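2 protein chains.
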Amino acid sequence: MSLVVQKYGGSSLANPDLIRNVARRVASAHDRSGQVVATVSAMGDLTDDLLKIASQVSDRPDPRELDVLLSTGELQSCALVAMALRSIGKRAVSLSGAQAGIRTDSSYGKAKISGLCPERIEQELKNNNIVIVAGFQGITEKMDITTLGRGASDLTAVALAAALKADRCEIYTDVDGIYTADPRMVPKAQKLDEIGFEEMLELASYGAKMNPRSIELGMVYNVPILVASSFEDLPGTLIHGGADMNIEVGEIRNRVRGIATEKEVAKVTVYSVVDRPGVAASLFEPLANADISVDVIVQNASVSGTTDLTFTVKSSDLDATMDVVRLVSKNLGMEDVGYSTGLAKVSIVGTGMQDSPGYAAKMFAALSEGNINIEMITTSEIRITCLVKEESTADAAKVLHEAFELDKTK
Amino acid sequence: MSLVVQKYGGSSLANPDLIRNVARRVASAHDRSGQVVATVSAMGDLTDDLLKIASQVSDRPDPRELDVLLSTGELQSCALVAMALRSIGKRAVSLSGAQAGIRTDSSYGKAKISGLCPERIEQELKNNNIVIVAGFQGITEKMDITTLGRGASDLTAVALAAALKADRCEIYTDVDGIYTADPRMVPKAQKLDEIGFEEMLELASYGAKMNPRSIELGMVYNVPILVASSFEDLPGTLIHGGADMNIEVGEIRNRVRGIATEKEVAKVTVYSVVDRPGVAASLFEPLANADISVDVIVQNASVSGTTDLTFTVKSSDLDATMDVVRLVSKNLGMEDVGYSTGLAKVSIVGTGMQDSPGYAAKMFAALSEGNINIEMITTSEIRITCLVKEESTADAAKVLHEAFELDKTK
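Protein chains in written order, with my numbering: chain A, 3 to 412; chain B, 3 to 412.
Heads up, a few of these hints could be off.
If chains are identical, the list can't say which one is meant, so a pair holds when it fits in one copy or spans any two.
As the list claims (entries may be wrong) - Only pairs whose alpha carbons sit at most 16 angstroms apart, straight line, appear in this in silico EDC-like list of lysine to aspartate or glutamate:
hint : residue 1 : residue 2
1    : K144      : E121
2    : K190      : E404
3    : K92       : D61
Hints listed in this document are in silico derivations from the structure and should not be mistaken for laboratory results. Since this is a predicted model, take the numbers as computed values, not measurements.
Model the full structure from these sequences, guided by the hints.
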């Protein structure tokens with residue numbers, strides 16, 4: 003007997019027929035493995051509908067109350083899936099985040115899981131129940147309801163899998179796995195059978211539609227995560243921390259595993275930054291306090307005692323960012339500030355790129371041949387990211403997919 | 003400073019505009035009294051919508067899961083009202099039944115309140131918060147979500163008022179008070195300024211649209227209950243346990259206070275029941291076990307050692323009732339069983355009728371003059387009920403309203 007934790011996304015639960023479909027899938031997983039815990043998202047567009055009602059009763063809905071409101075969507079789904087399971091003869095019980103023991107801090111709207119007390123879940127498993135847990139939510143020490151932020155039902159699933167020492171975690175969604183690139187941009191994109199945690203983390207952080215925190219959690223607790231479709235019976239993609247089992251001895255593995263793209267990026271540059279300790283902090287601390295997430299940061303080497311500092315933010319955060327930057331840079335005597343918007347990040351990702359030179363050069367050459375101008379470059383050990391004009395995103399993804407022969411991925 | 007507990011029904015919360023209207027009303031109650039706890043029902047027809055989805059995923063939705071599902075409606079309302087209050091500058095916090103400390107037994111769908119632990123509410127009041135509590139729900143000792151049965155948001159309000167020793171409880175709904183009769187049947191029906199608990203309990207149990215358990219609770223804990231409209235600023239009806247303040251010395255008060263009507267009644271008769279101890283119990287115990295609520299019971303005096311036993315049930319319970327009755331009466335050797343359906347109960351209610359003869363005779367005469375046949379009669383100390391054909395209900399209410407001069411009620 004093994005324990006599987008599953009997660010079903012909102013599009014997989016959008017109507018009563020789909021809910022019954024999910025129940026059948028949970029039931030057959032139970033037949034196969036003996037113990038199943040499933041977390042569910044809110045039905046279809048319910049979360050958006052609730053947000054709309056909230057905006058109609060209040061210009062700025064109170065974060066605590068918004069979390070109470072939004073948490074009801076997942077509660078409805080888990081009750082309905084448990085009902086559907088019972089109606090096909092399975093023992094099942096639904097649990098709210100609170101009942102499932104998902105403790106969080108009190109950052110409403112983006113709470114962090116601070117601990118998991120899975121006694122009730124373990125008790126229900128012992129009673130031969132399938133356990134359906136409301137995703138995306140938890141409870142504070144003071145017993146207030148919190149949500150973990152949009153898309154964080156994945157996180158609930160991986161956290162439960164880690165706490166329950168599950169054999170694996172399965173994320174069911176409306177796509178059938180992780181692709182070498184976004185198939186809507188790159189028609190030749192290939193589905194990956196497997197991918198390592200680190201590579202997936204870079205892909206997720208740089209545009210692939212998965213919650214990066216859940217990948218990180220899977221990596222830390224070494225929980226293999228399967229991403230697959232809830233609509234079809236296809237194998238999906240296994241995200242794991244082990245060695246690649248698919249490579250035959252002597253085979254040369256494609257070292258670029260995927261291309262991530264992210265649109266709606268804005269770039270901010272502060273010119274003539276005085277090159278002394280603490281200047282960067284005095285800029286980025288107020289941004290963090292204003293809850294603005296700064297991404298790529300590039301600072302050139304100082305030549306004349308001053309340097310230019312460039313970083314990117316989401317386009318939607320640009321106004322708030324400029325307010326902070328203008329104020330801080332004025333105080334520091336650096337009044338020359340510029341920004342541009344309508345940009346996108348295009349990244350190639352692969353652990354195999356470590357210690358293997360030539361990938362960056364090949365990437366720049368391919369973009370240049372495609373007449374795509376590079377606005378900015380940044381790298382990690384297993385990723386190279388270029389900032390390009392937003393309208394070039396799909397072209398950039400296509401030429402890179404071609405250049406690194408990702409269409410030959412298997 | 004005084005503490006008021008309010009309750010707003012679903013029709014008063016059916017859309018964002020109405021939710022903001024409720025928030026304004028709660029806010030002005032807070033301005034007047036200093037401390038407000040408000041319980042709310044689910045928005046408009048949401049509970050029915052959720053029941054419909056449940057019936058689409060399961061033929062017989064599991065009662066525990068149905069309660070989880072239905073409880074989300076009130077949770078949404080209380081979060082939205084708290085948000086709307088905050089957006090007009092009031093400190094407010096929403097609490098689920100669980101957070102509000104409403105403990106129940108585990109009879110899902112019709113749980114009984116077993117205790118109230120209002121520490122959290124008291125804490126929030128101390129913090130100068132208006133407290134919005136999800137009505138209609140509670141939590142078991144095992145921390146499972148329950149609902150108190152349809153219409154039981156009233157009960158939540160009165161129970162909270164009792165536990166918090168509130169100065170009064172205000173039920174806001176889509177009618178502007180308690181009437182001498184159903185105004186849809188009797189156009190001349192008058193709104194009552196006040197009514198005693200006992201009279202209201204009889205009216206509620208015999209057809210007036212209020213939860214009888216909440217009246218009972220108000221009576222036991224002596225919590226005055228105001229019933230009024232959430233759409234208009236009218237005085238409403240005060241239900242209370244004190245002496246009638248409106249009667250001047252020497253005035254002769256109309257002793258019939260109201261007429262209650264209830265349709266969809268069926269009548270069952272077991273003929274030639276052997277007149278020996280235990281026979282009635284052997285019939286009504288299995289009915290109770292089958293969860294069938296038996297109402298009026300009439301047994302004539304025995305003449306020849308056998309008697310006829312007649313009782314009423316809701317029409318919707320008739321099939322189940324006859325299954326039980328046929329089985330039991332066969333075992334007891336009393337195979338002559340009859341039933342009729344399409345009946346209604348019409349009652350006159352008033353504490354003043356106690357020890358004052360002549361009300362029954364006047365009632366029967368009035369019905370007779372109206373050519374309305376009486377199928378069965380039953381009385382309590384402060385109520386006389388006649389069973390009539392369903393199609394005569396409105397006529398019966400009208401002639402009784404006229405006969406007892408209820409149109410002159412003030």
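Hint check:
| no. | hint | verdict |
| --- | --- | --- |
| 1 | K144 to E121 | between (19 angstroms within a copy, 12 angstroms between copies) |
| 2 | K190 to E404 | within (9 angstroms within a copy, 84 angstroms between copies) |
| 3 | K92 to D61 | between (45 angstroms within a copy, 14 angstroms between copies) |
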